[in-house]
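A.B. asks: Sequence:
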Amino acid sequence: MRKSTFSRTELSRAFGIDTATLGTGSAGTGFSFGKVAPGVTSEPHRHDEIEAFVVLSGVGKVRTDLGEIPVAAGDVVLFHPFEAHVLHNDGDEDLNFVDVYWRDGKAALEAAAQTATPRGPIFVFSAPPTPNGDLHLGHLSGPYLGADVYTRFLRMKGAEAYHLTGSDDYQSYVATHADADQSTPAKVARHYADEIRATLALLDCEVHSFLPTSGDSAYAEFQAARFRSLLSSTAVDLRQSPALFDAVTGDYLYEPDVSGLCPDCGGSAAGNICEECGAPNLCHDLGAVRSRHSAEAPLVGSVCRPELALERCYVNIDRHLRASGAPVRIMDLFARLRQRGDFSVPITHPSDWGLPAEGFPGQVTWVWPEMAFGFLYNIQALASSLGRDWNAALPSNDWQIVHFFGFDNSFYHALLCPAVYAEVFSHWTPRIRYHVNEFYLLDGQKFSTSRGHAVWGKEVLGPKTVDVVRLHLGLTRPEGERTNFTLDALRRTENEVFQGIWLNWLDALHREIKQDFGGCVPDAGDWAPADRAFFARIELHRAAMERAYSDDGFSVRRAAAQACDFVTDCVVYRQAQDYAAARRLYPARIRTSLAVQTTAAAILAQTLAPLMPRFASTLARGIDGISTETWPRSVQRLAPATTFDLEPVLAFYARADIPVPNEEEA
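Be aware that the sequence shown starts at 1, since it is given in full-length UniProt numbering, and climbs by one per residue.
Some clues are possibly wrong.
Here are the simulated SDA-like cross-link-like pairs (lysine to any residue), alpha carbons at most 25 Å apart as the crow flies [stated by the list, open to error]:
1) Lys514 with Asn504
2) Lys464 with Met331
3) Lys514 with Pro659
4) Lys458 with Asn495
5) Lys157 with Asp551
6) Lys157 with Ala323
7) Lys464 with Asp251
8) Lys514 with Thr642
9) Lys464 with Asp645
10) Lys106 with Ala73
11) Lys187 with Phe210
12) Lys187 with Lys157
13) Lys157 with Lys61
14) Lys157 with Lys514
15) Lys187 with Ala84
16) Lys446 with Lys61
17) Lys446 with Tyr252
18) Lys61 with Ala73
19) Lys106 with Ser57
20) Lys458 with Thr176
21) Lys464 with Ala335
22) Lys464 with Asp194
23) Lys61 with Lys106
24) Lys106 with Glu539
Hints in this document: simulated from the structure, not taken from any laboratory.
Produce the entire structure from the sequences given, and follow the hints as far as they go.
C.D. replies: Encoded structure:
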């Protein structure tokens, strides 16, 4: 027997509330006391232990991954390993509870391996591209391929998931391009929005709602209402603050109009954001600052405009990032921003291109707060096409939002957007997950539209090449680190991997099934240890692909590499069975080998559907009863006599060389 005595004077802060450790018991069991003051909410967190809250007094709510439930004295709430949980006191007195927790290694491993499908509608956003140019492979490799793969997998799993994007028409970069072309921003936006949609279609990127933001009066009215709400926030001040102006033309400078040295990392940065470290800037705080309009050093003046004091939003941002499970890369960006102290960002800018900022003549709403509300409007636009009642002005706690974007936009998507939401929608607790990619390089240098250093999607994408391009972009996708693209490497993926390994294996399997079994799957005969081991590896592949596509372990690069490894394994297994004399003397063994290989081909088709949808569906059509519409929950051997005719897929993909019309320039 062991006794622990609790003292209220020994309380300390942990997870945003007052706690005290009561001691440990046998088998690693721990006990603690917790007190949540009225109106206080604990910080979102998750543990590898099994945990139970025993409510002693008070009332409140517990929010987990599965929803929210009320709790009161006498209630016991059990949490599984890694289940996020938040405790909120919505009563008038302290909510007191005892926390009991213990480790169960097996339960923790099983929980970590689970790939649960989120509940409620899931809105997957790829970063709205700026319509000042078409999409090159640097763009496509990141948010667009990632969001498409992720959404396709969720839909295969039975989730209500939608991929949304659009053209971010009011970006200042559109006006810059229009000036260079002696055109108008509206014409430039319309032209490139159409080009972008066409390129996404060539990528087989399925978009359920594509929202151009200009020319829509309802969109403008919605944004004006949100802008008024934001102005009423206690985090927004009207300030006469420093701003940059061109010394010759007198033009106000921001975003593409100005460049210099980042005040955070010291590297080269554009106006308002540093692509290298992701930190925001205010333009006038750039070092060695330069104007795009003239060679003279810019002048510091001032502008009266509303500004969002981010330091007043830090608590909300921190809570949101913890709940979202944001990547450490984003958490580091937020930590660095906090170290800079008070930091206010203007929410309007002097410009003649953008949504007019009501009450501020000659100024427009900054496009990034506009984008935050634009995401919600896109959900409402999707609802109209589906006959649903989703309301952008009243976002629901049932919505799950997932953002795909490049790291250089992390400040806007993961810090500014949730800050704006918290100020405008007091009733809404956004559930947002973030998937971030790094820069994709071309021959060791950044893709650059202005320098013509790019391979455009339309140059290499076609019905017969799209799957190889998607496979190669997957294999080299910049996840967690910058990666490099070369045309030679793309051709090697086509010739040595897709044609030389994948299609050669399928062709050999097809010819043998057709010749010896009339194009039907044979029944298995004698199972040797090697056959049983390979059959087990098919399930390991299926499970590994499911993990690579799932939210917790999402990685297009891992999925592509796993698919290549699996096909190579199929080839090695086949070669180990391919001996003529043994085939004649031991036909039962050969039947088993072929039966298992046809099952591997079927699973390959199903597990490739998110990554290579065209190839997967063409392959599946040659195997009777196989669908790429649903995810396989387990490996089931194909029934004997199942039609197995891969002629259509082999004929379609025969010698689909990658076209490169501008190879010398690229």
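A.B. asks: If a hint holds in the structure, say so; if it does not, say that too.
C.D. replies: Going through the hints against the structure:
For the suggested pair Lys514 and Asn504, the alpha carbons sit about 15 Å apart, so the restraint of at most 25 Å is met. The suggested pairing of Lys464 with Met331 is violated, with an alpha-carbon distance near 41 Å, which exceeds 25 Å. Of the supplied pair hints, the one linking Lys514 and Pro659 is violated, its CA atoms being roughly 33 Å apart against a limit of 25 Å. Between Lys458 and Asn495 the CA atoms are separated by roughly 20 Å; this keeps the pair inside 25 Å, and the hint holds.
Restraint check for Lys157 and Asp551: the C-alpha separation of about 12 Å stays at or below 25 Å, so the hint holds. For the proposed pair Lys157 and Ala323, the alpha carbon gap of about 24 Å is at most 25 Å, so the pair holds. At most 25 Å may separate the alpha-carbon atoms for a hinted pair to count; Lys464 and Asp251 exceed this at roughly 49 Å. In summary, the hint linking Lys514 to Thr642 is supported, as the alpha carbons are separated by about 12 Å, within the 25 Å threshold.
Between Lys464 and Asp645 the alpha-carbon distance is near 19 Å, which keeps this suggested pair within the 25 Å criterion. This hinted pair does not check out: Lys106 and Ala73 have alpha carbons roughly 32 Å apart, beyond 25 Å. The straight-line distance between the Cα atoms of Lys187 and Phe210 is roughly 18 Å, inside the 25 Å bound, and the hint therefore holds. For a cut-off of 25 Å, the pair hint linking Lys187 to Lys157 is broken: about 41 Å separates their Cα positions.
A hinted pair counts as satisfied when its Cα atoms are at most 25 Å apart, and Lys157 with Lys61 does not qualify at roughly 30 Å. Of the supplied pair hints, the one linking Lys157 and Lys514 is violated, its CA atoms being roughly 33 Å apart against a limit of 25 Å. Restraint check: the Cα-Cα separation between Lys187 and Ala84 comes to about 47 Å, which exceeds 25 Å; the hinted pair is violated. Between Lys446 and Lys61 the CA atoms are separated by roughly 49 Å; this puts the pair beyond 25 Å, and the hint is violated.
Restraint check: the Cα-Cα separation between Lys446 and Tyr252 comes to about 28 Å, which exceeds 25 Å; the hinted pair is violated. The hinted pair formed by Lys61 and Ala73 meets the criterion: a straight-line CA distance of about 12 Å does not exceed 25 Å. Simply put, Lys106 and Ser57 have alpha-carbon atoms about 33 Å apart, too far for the 25 Å limit, and the pair is violated. Under the criterion of a C-alpha separation no larger than 25 Å, the hint pairing Lys458 with Thr176 is consistent with the structure, at around 24 Å.
Taken as a hint, the Lys464 and Ala335 pair is broken in the structure, with Cα atoms around 46 Å apart against an allowance of 25 Å. With a C-alpha separation of about 23 Å, the suggested pairing of Lys464 with Asp194 holds against the 25 Å cut-off. Proposed proximity of Lys61 and Lys106 is contradicted: the alpha carbons are some 29 Å apart, above 25 Å. The straight-line distance between the Cα atoms of Lys106 and Glu539 is roughly 20 Å, inside the 25 Å bound, and the hint therefore holds.
Of the numbered hints stated above, those contradicted by the structure are hints 2, 3, 7, 10, 12, 13, 14, 15, 16, 17, 19, 21, 23, listed in ascending order.
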